[in-house]
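In case you want the letters, here they are:
There are 2 protein chains.
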Amino acid sequence: MRKIGISEIEDIALGAALLGAGGGGDPYVGKLVAIGAVKECGEVTLLDPEEVPDDALVIPIAMMGAPTVLAEKAIGGNEYKTLYDMVSRFFGKKVYAFLPIEAGGVNSMLPIAACARLGLPLVDADGMGRAFPELQMVTFTIGGMSASPMALTDEKGNCVIFETITNKWTEELARAVTMSCGGSVSVSLYPMTGVQMKQYAVKNIVTRSQKLGEAIRTVKDSGSKTPEEHFLEFSGGFRLFRGKIVDVLRETRGAFNFGKVVLEGIGDYKGQSAYVEFQNENLTATVEGEILATTPDLICLVDTETFAPVTTDALKYGKRVLVVGLKCFDLWRTPAGLDLVGPRYFGVDTDYIPIEIRCKGGNS
Amino acid sequence: MRKIGISEIEDIALGAALLGAGGGGDPYVGKLVAIGAVKECGEVTLLDPEEVPDDALVIPIAMMGAPTVLAEKAIGGNEYKTLYDMVSRFFGKKVYAFLPIEAGGVNSMLPIAACARLGLPLVDADGMGRAFPELQMVTFTIGGMSASPMALTDEKGNCVIFETITNKWTEELARAVTMSCGGSVSVSLYPMTGVQMKQYAVKNIVTRSQKLGEAIRTVKDSGSKTPEEHFLEFSGGFRLFRGKIVDVLRETRGAFNFGKVVLEGIGDYKGQSAYVEFQNENLTATVEGEILATTPDLICLVDTETFAPVTTDALKYGKRVLVVGLKCFDLWRTPAGLDLVGPRYFGVDTDYIPIEIRCKGGNS
Chain A
25 MRKIGISEIE DIALGAALLG AGGGGDPYVG KLVAIGAVKE CGEVTLLDPE
75 EVPDDALVIP IAMMGAPTVL AEKAIGGNEY KTLYDMVSRF FGKKVYAFLP
125 IEAGGVNSML PIAACARLGL PLVDADGMGR AFPELQMVTF TIGGMSASPM
175 ALTDEKGNCV IFETITNKWT EELARAVTMS CGGSVSVSLY PMTGVQMKQY
225 AVKNIVTRSQ KLGEAIRTVK DSGSKTPEEH FLEFSGGFRL FRGKIVDVLR
275 ETRGAFNFGK VVLEGIGDYK GQSAYVEFQN ENLTATVEGE ILATTPDLIC
325 LVDTETFAPV TTDALKYGKR VLVVGLKCFD LWRTPAGLDL VGPRYFGVDT
375 DYIPIEIRCK GGNS
Chain B
25 MRKIGISEIE DIALGAALLG AGGGGDPYVG KLVAIGAVKE CGEVTLLDPE
75 EVPDDALVIP IAMMGAPTVL AEKAIGGNEY KTLYDMVSRF FGKKVYAFLP
125 IEAGGVNSML PIAACARLGL PLVDADGMGR AFPELQMVTF TIGGMSASPM
175 ALTDEKGNCV IFETITNKWT EELARAVTMS CGGSVSVSLY PMTGVQMKQY
225 AVKNIVTRSQ KLGEAIRTVK DSGSKTPEEH FLEFSGGFRL FRGKIVDVLR
275 ETRGAFNFGK VVLEGIGDYK GQSAYVEFQN ENLTATVEGE ILATTPDLIC
325 LVDTETFAPV TTDALKYGKR VLVVGLKCFD LWRTPAGLDL VGPRYFGVDT
375 DYIPIEIRCK GGNS
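Top line first, the protein sequences correspond to chains A and B. Last residue of the first sequence: 388 (our numbering), numbering continuous. Last residue of the second sequence: 388 (our numbering), numbering continuous.
Among the hints, erroneous ones may be present.
Which copy? The list can't say, so a pair holds if one copy fits it or any two copies do.
[Stated by the list, open to error] Below, computed lysine-lysine pairings styled on DSS-like, alpha-carbon distance capped at 30 Å:
id: 1; residue 1: K351; residue 2: K268
id: 2; residue 1: K340; residue 2: K222
id: 3; residue 1: K117; residue 2: K105
id: 4; residue 1: K284; residue 2: K117
id: 5; residue 1: K192; residue 2: K105
Hints listed in this document are in silico derivations from the structure and should not be mistaken for laboratory results.
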């Protein structure tokens, strides 16, 4: 158990945006919401997963929709209380704590804001260990848990509760409502007991985000190593490419941001080209026609100078980025995990090969 | 209080299809569902609205979506029980009775099936006195009542509860879910007390449907009058046109059936032409370029021989129809009523003029 204040939030936002793998939204927007809530209501208690009682009701809180929409559409302050009330009423039981559903610039932050405003603790765990675009894409689904009852509310006060036959149906129906509500909403799903959370959640992800953020912030203090070497070391990353953005193709469709960013090599990579495809999050990294990394491993673009993560909605012509691959959480590499989030689910016609095998003999 | 059995259902289906004003679905499909339930579970008790206790919880049951879809997509048997459970659980109170939300071939029938299967009484009242395409278009909206909490379930078992800030938002969000569920679902909305029902519902609509159905069935036994004169007399209808269908334009969009049927005059109307536009229900009747009737008055097409109503999904080339206008329920003619269901709401650029004024000096 420890406290999270403003300086912790700064680092968590930065590190979580890296783990967002291009998605998860703008850490600047997320940070403002969390810092605003903490300034107004006080610091938040972060619980180690093992500190949560087995029979406690814990619920993930998240924003659903296209991150590009969120940047323009306000988040109100009452959504968390509304979600709390909807879930408590449904179960006839108090909610013990919130947790994030994914790591990302926005969805790592909103649960902190929610905890601050409601005086609840935050659990140091999530359901992805990164960000993914669809709501059934959580370790909890692998554990056979239901996304239902799922509570959804918008900034206007509309409320919907879904109880569906599969998590894919929850996604289908909640996505339709999200679009009708203007493209982004606040949700709570996968309500669970402490014991379920301990069994399937990705543990200590908030702390990992914070450490990554702190390391990025101090990346220049790298002693004898270059900042890039230092970055690759502390992040456990594989260097896939370094280049300048020469084209960004983007389409907002079905409340997702689809697209592709094309890179022209710089430094060691001069004369080479690469591209990264995304659906909110980066899906594949292809260098000189060869796929070097695919979902569910994390493909992250970071600024070549500051090593700050560059989300898909912040891509723009001329920006110089390092493309880095990070190993995903173990459960994603199981057959059940790959069914949910492997390349073929996203329409990419290639087998999943772990990044450390694809990059054998490469950098890092 | 009286009993509804198979012969009553036959007449109610026929009369309600007339009041459906082109919409409300295929009475044949509706009838099969209701008769099946009554054969299996016994007759249904029909309550006069005044027999319902003031504090009783009564809920309308309906199918939402495009009637053309319903004809191909099965209605299961468990939906009513599911809706009952969702609403009872929400209020922590037993549901006393069901009522129809509208008059129409399908939505007059499903509540009968629901009552048979759950052993509940049916209230002789609805919220429209005809059919309309959107769910906020009920007298209960004029009474300031909320469509929320609205319960929705599909034949697969997906369940959704909506609590929205306005009835227009309920329509918006429930429509999106309806489309995602395949275009038709079962719903319960406008949960109300007995006293609210007595104040705003269109009373004795089931009985009116039954009488109209009986009269259509026996239209040939008209003594000295022609069947058409007899039909216009007992229905209180205004004759707008008689013609042969020469064209049907149809489009299923946003879970609605939009379209236009073009008629070529026969008999007294030889040489004239007319058209009727619809969105599930008929919206306007235009004869020789002049609008003779608009929503919310009822525009009904009936077979020139049998006087059986022809719904918009049953329109086809060559069919000979009589176009008849019926006065709508008084509340629809108030400013609040016309805001909800007047011609301009549907994008028809004309004022509402009551049918008896538009047709002054005409037939009937």
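Given identical chains, is K284 near K117, meaning Cα to Cα at most 30 Å, within a copy, between copies, both, or neither?
neither (45 Å within a copy, 54 Å between copies)
Identical-chain pair category, K117 with K105, by Cα at 30 Å
both (15 Å within a copy, 25 Å between copies)
Alpha-carbon proximity context of K340 and K222, limit 30 Å
neither (40 Å within a copy, 62 Å between copies)
Reference check for the pair K351 and K268, CA-CA at most 30 Å: within, between, both, or neither?
within (24 Å within a copy, 70 Å between copies)
Given a CA cutoff of 30 Å, do K192 and K105 count as a within-copy pair, a between-copy pair, both, or neither?
This pair counts as both: shortest intra-copy Cα distance 26 Å, inter-copy 24 Å.
The structure is inconsistent with the numbered hints 2 and 4, although it conforms to all the rest.
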